[in-house]
Amino acid sequence: MEPLMAVAIGFMYAAAIFLMLRRSIVKLVIGLMLLTNAANLLIFTSAGMTRGAPPLIPEGMLAPEGVVADPLPQAVVLTAIVIAFGVLAFAVVLIRRAYEIVKADDLDKMKDTDT
Amino acid sequence: MRPEVALPVLLPLLSGAISLLFWRSRPMQRFTAVAGNLALMVVSLWLFTSVYQEGYVTIQMGGWEAPYGITLVADMLSAVMIVLTALIGLVIAVYSLASTGPDHEKFGYYPLMHLLLAGVSGAFLTGDIFNLYVWFEVMLVASFALLILGGEKAQMEGAIKYVTLNLLASVIFLTAIGLLYGMVGTLNMADIALRLHEAEHQGMVEVLAVMFMVAFGIKAAAFPLFFWLPASYHTPPVAVSALFAGLLTKVGVYSLFRVFTLMFDDTMDYTQDLLIWGATLTMVTGVLGAAAQYEFRRILSFHIVSQIGYMILGLALYTPLAIAGGVFAIMHNIVVKTNLFLISGITRRLQGTYQLKKMGGLYKERPWLAVAFFLSAFSLAGIPPLSGFFAKFVIVRAGIEAEAYVVTGIALAVGFMTLYSMVKIWNEVFWKSLPEDNLVPERETVVGDDGRMVKPNLWLMTLPVGVLAAMSLLIGVFAEPLMGLMNTIGEQLLNPQGYIEAVLGDNVDVIEALIETPASEEVSP
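Going line by line, the protein sequences match chains A and B. Each residue of the first sequence is one higher than the one before, starting from 1 at the first, in the working numbering. Each residue of the second sequence is one higher than the one before, starting from 1 at the first, in the working numbering.
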């Protein structure tokens with residue numbers, strides 16, 4: 001399972017960077033979305049994938065039996081998803097405002113503040 | 001329980017919450033801003049005294065022992081950074097009372113400022129790598145919103161670059177955390193430091209080191225990753241610019257100091273050259289970029305980049321003295337750079353523009369402002385006996401001791417180029433007479449509490465400038481005791497054992513035993 005995930009994640013990173021290199025700000029934000037999702041999947045995969053073994057401790061014992069899934073990366077991914085959601089919501093509003101004010105969705109037309 | 005470690009994070013969050021409760025009441029928000037930051041200052045000094053007496057102070061959040069819970073830990077570097085954060089927070093809060101108009105205050109300027117300070121403090125104190133990411137995001141989201149308050153065209157354009165590149169940095173950071181967790185199975189930085197030495201794939205450790213370097217390099221605005229900074233820092237209201245200039249890039253630099261002394265000290269023979277030449281090119285490109293500019297805040301923005309080079313050079317030389325010099329540079333730069341931005345705000349008030357060509361005659365009109373600018377600008381250029389001189393002196397001396405002559409020579413040359421830009425501002429703004437086409441018409445007025453247009457209190461803007469200029473002078477005068485402090489930091493950073501023991505306590509032995517018998521190491525596959 002892990003090699004398949006690795007390939008898929010790699011593909012997502014590549015697609016995200018391709019989109020971010022386009023000139024349209026909408027594609028830029030879609031690229032960012034894809035990039036954060038790829039990173040989340042990477043964390044999820046990096047700790048190893050375990051099927052059907054929730055990290056629950058049976059009653060009357062101090063440690064779970066046998067091999068169980070690592071709960072920490074899942075908690076981490078959950079946090080990262082929430083953060084990415086908030087930030088992307090901001091980014092979507094930002095490009096909308098920017099489009100209204102600059103009247104273009106072309107990054108090449110947003111060079112006034114560059115030096 | 002050591003509440004002083006958690007309070008610098010909790011207090012700004014609390015002030016932010018109080019500010020939000022009084023969303024409609026401008027006076028209450030302004031009062032909270034000053035009072036909250038005063039309290040933050042008191043708490044940060046408390047933390048500093050504790051750290052000064054004991055070396056390391058930790059608190060395990062929620063009572064979960066490290067490495068399982070999140071540890072907040074303050075060593076000398078964190079404590080100094082927290083004190084500086086509180087100082088800048090307080091100064092900016094007072095300055096904002098006069099400089100930030102109601103059109104910004106109505107849309108949550110003060111709550112965002114508190115949130116930003118909470119993020120910065122959290123990043124300085126956390127001992128957990130994923131928690132560091134979270135604080136970075138807290139800080140970033142607050143800074144995004146502050147950057148676009150006002151919604152002018154330039155702000156939007158600047159914000160798109162700022163947001164994109166900072167998010168990219170965050171994703172690289174997150175990716176590196178994921179891979180790191182896959183290798184060592186822990187997120188606690190002290191625990192990672194112990195396990196990374198014994199990690200199976202040392203090649204992978206170097207890859208991770210470079211990923212962290214790129215992620216923090218973008219946030220610290222190091223060469224060649226700094227382009228977002230001069231494209232955005234001159235666009236928001238001046239108090240926001242000053243706050244960003246003082247604190248945000250320094251969080252990136254602090255993180256570089258932290259991970260490369262604690263976790264990636266083994267990779268230094270590979271990454272040292274990258275860091276040294278990155279730092280050198282940062283200095284040179286920053287200062288050359290500034291030479292071409294004729295807009296007050298753009299010049300200063302490029303100089304932020306240039307000064308970041310000195311700090312990273314201090315880390316890259318990797319001797320106790322060099323690191324002490326690097327931290328001295330951070331301290332000096334936070335004070336001086338913030339002050340220069342604050343001064344640019346006052347001159348803009350007085351003459352209605354940031355364009356140097358259209359300004360002039362301020363030496364005659366406001367001699368004390370000229371003195372404050374003179375102190376800060378020449379301190380930035382490294383003229384003795386001001387604060388910048390000692391930062392540069394220590395780094396140069398460390399460079400010569402490490403026999404890095406070329407780099408040291410470049411660092412000195414960059415000092416002269418800095419002087420060029422500062423003299424340019426001095427000549428244009430203070431020395432030459434006011435050009436005739438500047439009628440100085442629009443002394444900005446703001447809506448007063450009774451609804452009429454009033455002139456803002458200029459003394460509320462000059463007071464912070466005076467305090468920071470005096471600080472810069474005092475850092476120069478008391479360079480000797482401060483240098484003692486910096487040497488402690490250098491020693492602490494290069495001997496991470498103390499940090500690791502402070503965080504993990506008795507668990508160090510347990511973890512070391514586990515590392516030696518890897519069969520029983522992990523429950524997960």
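FYI, nobody ran anything at the bench for these hints, they're computed from the structure. Incorrect hints may appear among the rest.
In silico lysine-lysine, BS3-like type, Cα no more than 25 Å apart, as pairs [said to hold, decoys possible]: (1) Lys111/A - Lys27/A; (2) Lys106/B - Lys111/A; (3) Lys358/B - Lys424/B; (4) Lys111/A - Lys161/B; (5) Lys103/A - Lys357/B; (6) Lys153/B - Lys109/A; (7) Lys432/B - Lys357/B; (8) Lys364/B - Lys111/A; (9) Lys432/B - Lys364/B; (10) Lys27/A - Lys161/B; (11) Lys364/B - Lys153/B; (12) Lys357/B - Lys111/A; (13) Lys432/B - Lys358/B; (14) Lys27/A - Lys103/A; (15) Lys424/B - Lys109/A.
Verification of the hints:
1. Lys111/A - Lys27/A: holds, 18 Å
2. Lys106/B - Lys111/A: This hinted pair is violated, its Cα atoms lying about 30 Å apart.
3. Lys358/B - Lys424/B: holds, 13 Å
4. Lys111/A - Lys161/B: holds, 10 Å
5. Lys103/A - Lys357/B: Violated, because 31 Å separates the two Cα atoms, which is more than 25 Å.
6. Lys153/B - Lys109/A: This hinted pair holds, its Cα atoms lying about 12 Å apart.
7. Lys432/B - Lys357/B: Answer holds: Lys432/B to Lys357/B is near 10 Å, not above 25 Å.
8. Lys364/B - Lys111/A: violated, 37 Å
9. Lys432/B - Lys364/B: holds, 10 Å
10. Lys27/A - Lys161/B: Between Lys27/A and Lys161/B the Cα gap is close to 14 Å, so the pair holds against 25 Å.
11. Lys364/B - Lys153/B: This hinted pair is violated, its Cα atoms lying about 35 Å apart.
12. Lys357/B - Lys111/A: holds, 22 Å
13. Lys432/B - Lys358/B: Cα-Cα ~11 Å, so holds.
14. Lys27/A - Lys103/A: holds, 16 Å
15. Lys424/B - Lys109/A: violated, 31 Å
In summary, the structure is inconsistent with hints 2, 5, 8, 11, 15 from the numbered list given earlier, while agreeing with the others.
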